[in-house]
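Q: Take a look at the letters that make up each chain.
There are 2 protein chains.
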Amino acid sequence: MAKKEKKIKFPSELRMDLISGDWVILARNRAKKPDEFKNPRSKKKGRCPFCDLKEQNIPVFVSANGKTIPRYKDVPKNWTVAVVPNKYPALIPHFRLDERTEGGLYKKMNAVGFHEVVIARDHKKQLSQLPTKRVKEVIDAYQARYLDMKDKRFVNYISIFHNHGPNSGASIAHTHSQIITTVLLDADFKNALDGAKKYYQKNKECLYCHMTKYELKAKERIVFENKRFVALCPYASKMPFQTIITPKKHLPYFEEITEEEKTDLAEALKAVLHKINKGLRNPSYNFYLHTAPCDEKNHDYYHWHWTVLPKIQEWAGFEIGTKLEIITVAPEQAAQYLRKQ
Amino acid sequence: MAKKEKKIKFPSELRMDLISGDWVILARNRAKKPDEFKNPRSKKKGRCPFCDLKEQNIPVFVSANGKTIPRYKDVPKNWTVAVVPNKYPALIPHFRLDERTEGGLYKKMNAVGFHEVVIARDHKKQLSQLPTKRVKEVIDAYQARYLDMKDKRFVNYISIFHNHGPNSGASIAHTHSQIITTVLLDADFKNALDGAKKYYQKNKECLYCHMTKYELKAKERIVFENKRFVALCPYASKMPFQTIITPKKHLPYFEEITEEEKTDLAEALKAVLHKINKGLRNPSYNFYLHTAPCDEKNHDYYHWHWTVLPKIQEWAGFEIGTKLEIITVAPEQAAQYLRKQ
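Protein chains in written order, with the working numbering: chain A, 1 to 341; chain B, 1 to 341.
Where hints are given, some of them may not hold.
If several chains are the same, the list does not tell them apart, and a pair holds so long as it fits within one copy or across any two.
[To be verified] Mimicking DSS-like on lysine-lysine, the simulated pairs with C-alpha atoms at most 27 Å apart in a straight line are:
no.	residue 1	residue 2
1	278	340
2	340	9
3	238	87
4	190	7
5	219	190
6	202	190
7	107	249
8	190	238
9	204	54
10	107	190
11	125	197
12	217	190
13	77	197
14	9	77
15	107	54
16	133	198
17	54	238
Bear in mind the hints are in silico, worked out from the structure with no lab data behind them.
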């Protein structure tokens, strides 16, 4: 305890829970003052900060009607999708992690990483209301940014996610996704990677491939299908109407997605979101990607997929305390209902 | 795949996720029909089902002004705290787990267990508004039910939790807690137990004891303290204003709590909930117990504690997808704010 400790002030830090080994991100420059939490669900008023890109940081990706604009000076007037560094980033680029202790007991390090926002231009429409080619353009942006960041220092995982609606955690209504890079992987995701790896080594087949084939035959949990993708409600869904969208082919690395696959994924994503909107009356939802880490190791055993989670139920004390989720709609029943929409 | 599979219909089942090994509970008899999710946040109207115990299952515990009523025939008119089996249980008592597979691929078993509701009589008051002796009486009920259930078959863990407010997952406004027993422990909690055990074996001291001593000296994350308990915002909080209430003494098994400890715990719980209500303008919250499992094994290394989580922020796509939580208020700042309330 008497050891000398480096005093470093970095605006975002990663702190480790001593018991679980889990990390949390303390993002001070996104902070509200404590008493601002008194009205946490109040809406900000005024102009939308995503409609005029001049209010944002300089874009790192811009496209117009499906065409990526190379080395632009000014953002073209006809931009349709743009990616900007988040003005209030949770993770911040830096050249050192500065792993250190506090009180000889706790562990922390700088929360180093990139935090970007993917903006689709139309303020009024959510993804499911955009044409498939525009959804594909959003996926183009995901891929382009992934490829640009994956080999950077301290980038071992890239999380791409989308929050929609007041109960989703979204603070701005204008349709946008986010990309966050992290140096570390959470124990839960490591556990899922290990599970996938063991299955692959034992069975010489990917578990997702096996499961997808089984589900396509059984049919009861399928929500949507096209040439290259299948959307289904997983057998052990953690939320009612949870839907995953997975390529039929074994694809470990999202960033290697082809043009044809992007079009089919856009179609599947649009279809699933449309069914959720229609069937559940426009609920809040989150969707996120799970893909192989970009940590230089071989993850050929993994199979990337998107998870769509409608926020129609709160995780309560039991679920948070035990991590055993209670669902009240069988995935078979959920899929049957969504298929009909 | 061609194996014969037992067809068993049990109203609640545990289903395993093949990748993570996590289990979920599918509770069919709590089910809404899918289209009822269209208005998930609408309130049920009519008489409160917890005000008149005659509408409930036969109580398994009744007390009146702190006195437990033994072998009552009718519920006494002056009851103050009662425990009843949940009318819509997520887990159901049964004499067999019937572990089985589906499609030669998926694993499931009967979701066997007890699911009870702890009701404090006063409809209008939440726990923090009740006198300390009444909060203690609720804790008496927790302990009595724990002791009654812990040696029953298929009871390896007992989860006690409380949901308050519209964003907490509570479906009934009348103040109540719940008790659920499970046959299995989730990977996350097993991981926490392992972490605590390793620390204990290596350091000949419990990690919670060590941490509590450190925090009491450092002071900055302390929210409340009395003779036997301390409430603090953990160094790696997963939510802003997360507060844990932990005994100062090393106590692995919650069910062994003494009368004096119950009074001090009641005081600490009431104080923390009051501060959260006052400081954050009566938010929804959950609180839950983590204690040593009742699986016949030795868990002397563990240290029970309660976690109070105000629901002032949603877990969004990033947090759900990566399990890396982003907090925007430092635990030091949160504790300082709560101390002042």
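Q: All the hints need checking, so say for each whether the structure fits it.
A: The hints, checked one at a time:
1. For the homomeric pair residue 278 and residue 340, the shortest alpha-carbon distance inside one copy (10 Å) is at most 27 Å, but the shortest distance between copies (47 Å) is not.
2. In this homomeric assembly, residue 340 and residue 9 come within 27 Å of each other (Cα to Cα) only across copies, at 26 Å, whereas the closest approach inside a single copy is 54 Å.
3. For the identical chains of this complex, residue 238 and residue 87 are inter-copy neighbours only, at 23 Å across copies versus 32 Å inside a copy, given an alpha-carbon limit of 27 Å.
4. Taking identical chains as interchangeable, the C-alpha atoms of residue 190 and residue 7 are never at most 27 Å apart, the minima being 31 Å within one chain and 34 Å between chains.
5. When the C-alpha separation of residue 219 and residue 190 is checked against a cutoff of 27 Å, the pair qualifies neither within a copy, at 30 Å, nor between copies, at 35 Å.
6. Taking the shortest Cα distances, residue 202 and residue 190 sit within 27 Å of each other both inside one copy (18 Å) and across copies (25 Å).
7. When the C-alpha separation of residue 107 and residue 249 is checked against a cutoff of 27 Å, the pair qualifies only between copies, where the shortest distance is 25 Å, while the shortest distance within a copy is 41 Å.
8. Taking the closest pair of Cα atoms, residue 190 and residue 238 come within 27 Å of each other both inside a single copy (18 Å) and across two copies (19 Å).
9. Taking identical chains as interchangeable, the C-alpha atoms of residue 204 and residue 54 are never at most 27 Å apart, the minima being 52 Å within one chain and 59 Å between chains.
10. In this assembly of identical chains, residue 107 and residue 190 lie within 27 Å of each other by CA distance both inside one copy and across copies; the values are 20 Å within and 22 Å between.
11. Neither within a single protomer nor between protomers do residue 125 and residue 197 lie at most 27 Å apart by alpha-carbon distance, with minima of 40 Å and 52 Å respectively.
12. Taking the closest pair of Cα atoms, residue 217 and residue 190 never come within 27 Å of each other, the shortest separation being 30 Å inside a single copy and 35 Å across copies.
13. Taking CA atoms no more than 27 Å apart as the test, residue 77 paired with residue 197 passes in neither setting, with 47 Å inside one copy and 61 Å between copies.
14. Taking identical chains as interchangeable, the C-alpha atoms of residue 9 and residue 77 are never at most 27 Å apart, the minima being 40 Å within one chain and 61 Å between chains.
15. Proximity of residue 107 and residue 54 under a CA criterion of 27 Å is satisfied in neither setting, with 39 Å inside one chain copy and 53 Å between copies.
16. Within a single copy, residue 133 and residue 198 get their C-alpha atoms no closer than 38 Å, and across copies no closer than 53 Å, so neither meets the 27 Å cut-off.
17. Proximity of residue 54 and residue 238 under a CA criterion of 27 Å is satisfied in neither setting, with 40 Å inside one chain copy and 34 Å between copies.
Violation of the numbered hints given earlier is confined to hints 4, 5, 9, 11, 12, 13, 14, 15, 16 and 17; the remaining hints are satisfied by the structure.
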